[in-house]
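Listed below are the residues making up each chain.
Protein chains: 6
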Amino acid sequence: MTTLSPDLRERLERAPVAGLSAQMRKRGYDTVTIDGVRPLPGAPKLVGPARTLRYIPFRRDLFASHGGGQNAQKQLFDAVEPGEVVVIEARGLDGSGTLGDILALRAFARGAAGVVTDGGVRDHDAVARIGLPVFSAGAHPAVLGRLHVPWEHGSAIACGGASVLPGDIIVGDSDGVIVIPPDLVEEVVDATLAQEDEDAWIAERVAEGAKLDGLFPMNSAWRERYEAGLDG
Amino acid sequence: MTTLSPDLRERLERAPVAGLSAQMRKRGYDTVTIDGVRPLPGAPKLVGPARTLRYIPFRRDLFASHGGGQNAQKQLFDAVEPGEVVVIEARGLDGSGTLGDILALRAFARGAAGVVTDGGVRDHDAVARIGLPVFSAGAHPAVLGRLHVPWEHGSAIACGGASVLPGDIIVGDSDGVIVIPPDLVEEVVDATLAQEDEDAWIAERVAEGAKLDGLFPMNSAWRERYEAGLDG
Amino acid sequence: MTTLSPDLRERLERAPVAGLSAQMRKRGYDTVTIDGVRPLPGAPKLVGPARTLRYIPFRRDLFASHGGGQNAQKQLFDAVEPGEVVVIEARGLDGSGTLGDILALRAFARGAAGVVTDGGVRDHDAVARIGLPVFSAGAHPAVLGRLHVPWEHGSAIACGGASVLPGDIIVGDSDGVIVIPPDLVEEVVDATLAQEDEDAWIAERVAEGAKLDGLFPMNSAWRERYEAGLDG
Amino acid sequence: MTTLSPDLRERLERAPVAGLSAQMRKRGYDTVTIDGVRPLPGAPKLVGPARTLRYIPFRRDLFASHGGGQNAQKQLFDAVEPGEVVVIEARGLDGSGTLGDILALRAFARGAAGVVTDGGVRDHDAVARIGLPVFSAGAHPAVLGRLHVPWEHGSAIACGGASVLPGDIIVGDSDGVIVIPPDLVEEVVDATLAQEDEDAWIAERVAEGAKLDGLFPMNSAWRERYEAGLDG
Amino acid sequence: MTTLSPDLRERLERAPVAGLSAQMRKRGYDTVTIDGVRPLPGAPKLVGPARTLRYIPFRRDLFASHGGGQNAQKQLFDAVEPGEVVVIEARGLDGSGTLGDILALRAFARGAAGVVTDGGVRDHDAVARIGLPVFSAGAHPAVLGRLHVPWEHGSAIACGGASVLPGDIIVGDSDGVIVIPPDLVEEVVDATLAQEDEDAWIAERVAEGAKLDGLFPMNSAWRERYEAGLDG
Amino acid sequence: MTTLSPDLRERLERAPVAGLSAQMRKRGYDTVTIDGVRPLPGAPKLVGPARTLRYIPFRRDLFASHGGGQNAQKQLFDAVEPGEVVVIEARGLDGSGTLGDILALRAFARGAAGVVTDGGVRDHDAVARIGLPVFSAGAHPAVLGRLHVPWEHGSAIACGGASVLPGDIIVGDSDGVIVIPPDLVEEVVDATLAQEDEDAWIAERVAEGAKLDGLFPMNSAWRERYEAGLDG
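Line order of the protein sequences matches chains A, B, C, D, E and F.
The first sequence begins at 1 in the working numbering and counts up one residue at a time.
The second sequence begins at 1001 in the working numbering and counts up one residue at a time.
The third sequence begins at 2001 in the working numbering and counts up one residue at a time.
The fourth sequence begins at 3001 in the working numbering and counts up one residue at a time.
The fifth sequence begins at 4001 in the working numbering and counts up one residue at a time.
The sixth sequence begins at 5001 in the working numbering and counts up one residue at a time.
By construction, these hints were calculated from the structure, which means they are not laboratory data.
Keep in mind that the hints are not guaranteed to be accurate.
Covered stretches of chain F (chain C as the covering partner; in silico rule of three or more C-beta atoms under 8 Å from a C-beta of chain C) [to be verified]:
no., segment
1, 5049-5062
2, 5156-5166
Dumping the calculated DSS-like pairs for lysine-lysine here, alpha-carbon to alpha-carbon at most 30 Å [unchecked claim]:
no., chain 1, residue 1, chain 2, residue 2
3, F, K5026, A, K26
4, B, K1026, B, K1045
5, C, K2211, C, K2026
6, F, K5211, E, K4045
Calculated Cβ distances over 10 Å to all of chain F for the following chain E residues [said to hold, decoys possible]:
no., residue
7, D4078
8, P4181
9, L4193
Because the structure is a prediction, the values reported are computed rather than measured.
For every residue, glycine included, the Cβ atom is placed at its ideal position computed from N, Cα and C.
Full structure from sequences and hints, please.
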């Protein structure tokens, strides 16, 4: 399983998802955002490698064999490692919970970095109070079994329209959630942080009244000033 | 019309909608959540028996005969009793208001327990300031007549995908809104509160680092400890 | 291009969108709300004449010719005049940003009154911090080019189901956003403010316990009291 | 209950729904089409006054009391009169049948003019073979109870976004289904047939190569020729 | 892998999906229809055990490793056994083909019983001409890779809202497609055929003019006649 | 305006839209299908350069100034040249007609190659009888003005999720409709026809029982046989 070095994690913490998304798009990755999910109020930044969990549609016999007891969902929450992000395929349905307060607490106790589900969350306020970053399709009071059978963990999944493999790097903030294949993450995060510096400098110029024309993107005159470390 | 004893109301105030939903599902009720509605910011818990109101699609002649003056909507808001919840069928359309500040104020003045509509709310901020719990499909500036004719009150309705009869018990919190037939409410609320105690005890154990396996749901070893009132 | 006199702007600032919507509907305008958009948190009231911007679906060749450099989007943000509202047609798609922090900052620096887009917003928190009223379909990290080519500014557009022409008056608050043709705005705002006075007086009576029947709308007895300036 | 004279029925049989819709719109009726429904293959023209049936969402207790035996659905099909159209409110859900072959056969045996449902149809091929005009949201194998409780007949309903009252005149063809209040039907059908004559004459001119400009709608020169009964 | 005896296959060929659905619902299976799919024109009845195929969302790196050559899709079509039904999870997206004429021909050549996909079909007319029963979300010209990576075969999948396991029995006709766990199929098909006999007898009585009341469902008087083999 | 040479038109007539789509995707064009439209029954192949027409949302004042008389829609239908395809932006709304029989007849009389609209069609059967290829979102009886103002012709538009410029080459068949920029059309059609030959040869081998592995796509052994013109 992927683990993030403290240094890489620190750089990812500083990299906005919007910036990572732009760098991924430059490299031909345009379908790597988990759409339709929002962070619970007060959620901190989400960064970590994915642990995946796949739900399939409720069916009486399958729920009887796989829904109760120490099912795939609970196995995963008992096994998640510090710094990992649980990512759940719930087929984008917000009509039941796919996570509740006890499981969120277990993830928190194990040091997980957070949870992303394209389904609903039960016990919304209690989960939000834990302080674990959770991104979901919204609150719903119903238990998992209204719509789902927790089927397996550790497989490739679809979440919010994006493919997620175990070990993919997940980053989430108020703009959304992005999935980065591990072998791209170093390159993408560094390019993002470099671009952030540039954009911050451009933003200062714009705040001072500079026009966009020639500045965003920078022409050679502006770039010269930027590279010289000038202020405007 | 159903009324709630102070004691039953107090128990329902303590019972989370998520817990009530689980108990209803155990009893074969899986289509009793009013989906697609969210509480206005700051809304307190919603508890009370339903008063129903049904809107039908706007049509020129029907709006002329039923839309103006002391229509079915205003009749209901003038008649709602203390502790009751107004529940409105608006066919899940968020493109017009189905409630505005004057009607919300009237409901508040009459001591109503709240309003649930699967349509929009006008005067969103003014309604939120009243302090009445209101659940809706969101804010919209248009008046009711853009989409609706207020047709009748007191009939069975569909709201957010659930059937609601006058007198059904409505409970709403940040997880959503549930509908409980009156003859089930005693049994369901008590089972919910018992389960809440158990879940709270489990949550403490999980916070201390216990694994889910065997604890959630509890095996006999854990149950013995729980029933002995032990802490972990 | 339309400009608003300070006096007209001040009256529009006081006129709720819900009230304007009711007056527009009375005049046969029922399709003038920009639906599916919400204000960024903390957004002040939005008032101003429209500057329009039209995006068309992403296509490789068209993005190559129109997407980069000083494109139609940047031309507009460099040209927006103080008090104007940028209105963007993004076909109601929330799967990419249609505005980011640098462009929002440029609009703010030029004194624009705000932005309305029926697409997404990138750099959500940074945009919200600027203090410019922005209404959108939500946050998304992706750049514009994921879905759009910025095609032209200054044309008639469709935004959130409403037609918007350059110079149409745009007003937005927590209930939503409305579009008012310039030659109707004087009449509509004055009728709205008059009705607001009346509704405020009715609301006081309702808060005192008056019933809706005969009061909302007012019969002649209540109207007599109202016109006499009595309190209840 | 409304009945149609043979003469009025014959005129309605000749009047296209598209033409009736245009005449209704001229009179301020813009929300009188039942949308989202299609005729079964081979369905003849549908004309007749409405008999209404309302389903509400499935709920265990309500289905137990109202779903089985001689329920509201069967009561209506046993009572429908010759020439009437059964119109069913199924909340636009195509995920279960709302009509099957035995009920369609009963309607046919009683001389009903047809059925419109904004839900699904079971036994699709068998129903199509009966020869009764049926408009629906499509085929689905599930029984009614998967989603619905047959609640009542004879009330005002919403079907495909339109209000339908018992006795409203229903007309359906390959363009769709329209609802006409009974007191408008004479005026609307005659205006439609007159316009059809005019449009047929225009179509002949267009087929001969005439341009639309001045002809559609007709200017005075063309109208003179038309009224003189000339051919081109 | 499940195989069907000729006798069981013959009974399933005679059993309408609507009837099977009713029997499944009686046994507590209410989420076993594959919704949102329609048969290609002229498709014969579909009966057979499932072979499953799972697509995940397109991503550049995953398509590079799994999309081309002898991918999971082609492996499955080369391996499908006579009488089996290929069932494809395409997340209900109709914006690309998930099957084209060459693969359909391969399935036909291997004696497959048909294909069900909740995605699109390319080469629609050519596929329809092969004579293989194919159920899909409609035609689309784009290749698979526009939206999908063919990921794996032989796993549990979600198709049209239903869970499908390899070996589940799939039956499709003009009403839709149903999924039956293998250990229920004998019981369900026999109950369906018995009910069909009864319903056919009821339909004859209704065609003769009998009322539904007491007949559908049958009371003891009607049942006595039915069991005596009488005609009316 | 683009015109097609007879030879190019003939090649496009032979090129399936599915094949053109694959070649466009190879060249980086993945958003060039007009989605959500279907051909009217019996429609022949559609081939021709685009004439564009843009509708904007209905608004009382704009419809008064632009909706009646010789509006933009009628101007375009009076001006369409032989072999051209009218393409209409109707924002994907199927709730009104965007084309009726008289306009379709006018297009036919002028020798237009067909019409594509992502809105509805009125007079469905009459339009189908004309024999002009028409692709639409379905039938609807209402006139254009229910939802639209015919605003302008000759501009860039969005139709079914694709950008269309005047002169783009439009090709439609039972798989759907594709948009090809004029400077790509020669290259794309020739590559398509070459691939069709190859696929037809592969299909023959598959029909004879060959496995997909190594054949589709062809390995060197199969390609040698193919290039040698062998039969299997």
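Going through the hints against the structure:
Three residues within the 8 Å Cβ limit are the bar, and the segment 5049-5062 of chain F against chain C gives 7, so the coverage statement holds. For the segment 5156-5166 of chain F, the stated coverage by chain C is satisfied: 7 residues place a CB nearer than 8 Å to a CB of that chain, which reaches the threshold of 3. Under the criterion of a C-alpha separation no larger than 30 Å, the hint pairing K5026 of chain F with K26 of chain A is consistent with the structure, at around 18 Å. Pair hint K1026 of chain B plus K1045 of chain B holds up; C-alpha atoms about 24 Å apart against a cutoff of 30 Å.
Taken as a hint, the K2211 of chain C and K2026 of chain C pair is honoured in the structure, with Cα atoms around 25 Å apart against an allowance of 30 Å. As the CA atoms of K5211 of chain F and K4045 of chain E are separated by approximately 26 Å, the hinted pair is consistent with the 30 Å bound. In this structure D4078 of chain E is not separated from chain F by more than 10 Å, as the shortest Cβ-Cβ distance comes to only about 5 Å. For P4181 of chain E, the non-interface assignment is confirmed: its Cβ lies about 31 Å from the closest Cβ of chain F, beyond the 10 Å cut-off.
Taking the minimum C-beta to C-beta distance to chain F, about 36 Å, the non-interface status of L4193 of chain E holds against the 10 Å cut.
The structure fails to meet hint 7 from the earlier list, while all remaining hints are met.
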